[in-house]
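Top to bottom, those sequences are chains A and B.
At position 251 of the first sequence the residue is numbered 251 (my numbering), and the sequence of numbers has no breaks.
At position 159 of the second sequence the residue is numbered 159 (my numbering), and the sequence of numbers has no breaks.
A portion of the hints provided could be inaccurate.
As the list claims (entries may be wrong) - Covered stretches of chain A, as calculated for chain B (at least 3 residues, CB under 8 Å):
no., stretch
1, 119-127
2, 184-191
To be verified - With a cut-off of at most 20 Å between alpha-carbon atoms, the simulated DMTMM-like pairs for lysine to aspartate or glutamate come out as follows:
no., chain 1, residue 1, chain 2, residue 2
3, A, K101, B, D169
4, A, K101, B, D116
5, B, K95, A, E121
Since the hints were derived computationally from the structure, they do not count as laboratory data.
Keep in mind the model is a prediction, meaning the values are calculated, not measured.
We put the beta carbon where it would ideally sit given N, CA and C, even for glycine.
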Amino acid sequence: MKRLSLIFSLLIGFNIVVWGSIAVKASPTELNVYFLDVGQGDSSLIVLPGGVKVLIDGGPANKSVLGELDKVLPAADRYIDLVMLTHPQLDHFGGLTDVLKRYRVGAFIHNGRDGDTEAWEYFKKVFKEQGIMTILLKEGDKISFASSKIDILSPNAEFMKSQELNDTGLVAEVFSEGAKILFSADIGFKVEEYLTRKYDMDVDVLKVGHHGSRFSSGSSFLSEATPLMASISSGKNNYGHPTPAAMKRLSDSGSEVYRTDQEGTIHLNAMNGEIRAYSLK
Amino acid sequence: MKLHNIAFYFSAFFMAGIALASLNVTVWATLFLTVIISAIILYKKERALAALVFAVLAGFSYFYFHAAVKVENIPFGEIETYRGVVSGHPESRLKSQKLNIELQPPYSGEVAVYTDLYPVYEYGDLIEFTGTINKSPSGRINISLPRSIALISNDHGNKVKQFIFSIRDRLVENLQAALPSHQAALMSGILLGERAEFTDEFKEAMKASGTTHIVALSGFNISIIGMLVSNMLSSFMSRRRSFYVTLVFIILFVLMTGAEASVVRAAIMGIIMLLAAQTSRIYNFRNAITLTAFLMLLLDPTLLVFDVGFQLSFTALLGIIYLEPVFKKYSPLKKEPGFLSWRDNLRQTTAAQLAVLPIVLTTFGSFNPLSLIANVLILEFIPATMLFGFLTSVAGLISFNLSLVFSLPTGALLAYETFIINLFSFNWL
C-alpha cells in the first residue's frame, strides 16, 4: 500500500512537471539578441521570433559562455538550434567546445576552413563525436525562419583562400522585426571595402569587427553602415582592444558604442522596428 | 590490562604524537609533556597505562620518518624539460586544466601542472613539459605553469582506473548536459567532491555562509548517502538485507568517484558509520574507530591535521555514535522511523552535523553565527539532492530525455540551495 502510494505520487509529480514545462514553453514574438560578456573573444546569441536560437561563436577557452547562457536561457532549455563559428580562432571557438558538449545542437555551421592549433583539432574531435550535423556556408547563402532571415555576406571563394584567417570569417546580416543587425566577425578593411562596394550596408546595429582592432571598422565602411548602435566584444587583452582609433571612428559615425567589458552582457530587444538595449550587469 | 585496551590506548597516544609533530611542537616539549603525563598516571598507580604514554614519542617520530622517506628529486625553480604520466583524474577548471603528473626519471615526484583548457589530456597520458616547478605556498604540493606542453603517447595508466574514470566522466557529462552549468558544478561538488568549475564568487559565498563542507567529499557525505539508501530500503526489506544492498551501493559510488585514496577512506568511514547507526552497541565502536584512524594514519600521517575530509569523517562518526542515542532518548520526536524513515534521517543527520560543527566553523571560512541556520536549512535537503542528482546522471546513460525529467527536481533543489548559500553569505548587501 505504502509502495503503491509512493509510486503513484511520483508518477503524478512527473506528469505535472512534464506537462507543465510543455505548457509554459510559449514562443516569444520578438527578436532578442545578446552580445555575451565572455572576456576577450566573440559570442552572440540570437533568439528569433518563434524561439529559434542561433549562437554565433563561443568566446575564448574559459567556459564564460556557459555562465552567460545560463543567465539568458531558461534553466530547463538545453537545446540550441544553430551554432555558427565565424572562423577557426581560439577566441571564437574555444567556448564552443563546451557548448557542443553540453547542449543539444541542431546543426553546426562554419566556413569549412581548418585551424592550425591543437585546440582546434580537439574541437573537431568533439563535434564529430557528438554527431552534430555540419553545414558549410559562404557568401550568398541564406537562413530563413518565418519572417526572419539571416544572409551570409562573406567570405567569397577568394577570401576563403586568404592566408589571414580573419578574412575567412562568416559575416552574417540578420533581418527580423524590422531591425537589421550585422555580425562582422573579425573582418578587416579589405573585406569591409568589398562589402560596401557590393551591398547596401546600411544597418541598425553593428557587432564591431575584431574586438575594436585598429585594422577594422574603417571610416568608409562606417559611413555606409551608419549603425545607430555598435557593440564591441572584448575583455582583458594585450592587443589594446578596443583601440582608441577604432573607438574614435565609431563615435564619429554617430553610433552609440557599447562594450561588453564595461557593460557586461548586452541585451537587444527588437519588436516592430523598435530596438531597445539593456546591460545585464 | 586487556589486549583490546592496550591496542586502544597505544593507538590513541600514537595519534597524539602525530598531532604534536604535525603542529610543529618541538621534540623537547613533546618529551617533557610525555614524561609529565606518564608520571601523573604512574602516581595514580596505573603502571601499564603510564608505559603506553610513551607511544606519543613513537607517533611523533613516525611523522618525521614518513616525511623523510618520501622520495622527490626535482630541481625547484630551474627551467627544465620534464616527462611524466598523468596520474590522477584531470580537472577541467573554468579557465585552466589541472593535471597531476608523476615525473619520470631522471626526476621523481608529483607535480600539479596547470595548462590551457584545450586540448584535453587524460589519465594515463605521457606528457612532456618545459618550465619551472615550485613549491606551493603551503609547501605541501609542487606546482608548475609550463611554457610548453605536449602529448607523447596515451595509455600509460592502470586499465581498471582508466575504465572507472571514463564512467565518472560520463556521469559528470550527463549532469552537465541536463543542468545549467552553475547547477551542474554544484551537483558535481555535492556528489563527487569536485569543485573544478566553481566560480570564485560562489566559492567565497560558500565560505562566508559556512557551507563549503557540503562539497568536501568525506565519510560524512558517503554515510549520508548510505544512510538514506539503507533507511529507505529498510521500509521494504529486512535491516540486514538493506545493509548489504547499501554496501554494494557505496562500493559503486566509490568506483564512480574514481576510487581515489581519500574517497576510499571516506567510504570505509561511511560503512563504519552505517554499522554504528544500525546497531546500538556503542562500546564496540570505540576500538573500531581508533584502529581505523590508526591504520589510515600509518599510511599517511599528514591526514590528521591537514586533511579536513578525514577530520569531518571522524567527528561525524563520533556524533552518530554518541549523540544520536541522546537525541533518541530526550527529543520529543517519536521513536518510530516514520515514512521513508524521515525521523531516523533527521536524528542522525542532526547528530552528525552538530558534531562536525566546530570543524566546519573553524576550517570553512570566518565564523558566522548565522551559518548554523544556513546549514540547517541546506543540510536537510542534501540527501534528496544527492538522490535526484545521482538519478539524473545515471538516467542520462539510458536516455537524455529521461535525465531531463530527473533534472527538474534536482534543479529545483540546487536552486534553493544556491539561494540559501547566497543569502547567508550576505554578498547581496
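Structure-based check of all given hints:
1. With 4 residues having a beta carbon nearer than 8 Å to a beta carbon of chain B, the stretch 119-127 of chain A meets the requirement of three or more and the stated coverage holds.
2. Counting residues of the stretch 184-191 of chain A whose CB lies closer than 8 Å to any CB of chain B gives 0, so the stated coverage by that chain is violated, three being the minimum.
3. Taking the CA atoms of A/K101 and B/D169, the gap is near 12 Å; set against the 20 Å cutoff, the hint holds.
4. This hinted pair checks out: A/K101 and B/D116 have alpha carbons roughly 18 Å apart, not beyond 20 Å.
5. As the CA atoms of B/K95 and A/E121 are separated by approximately 19 Å, the hinted pair is consistent with the 20 Å bound.
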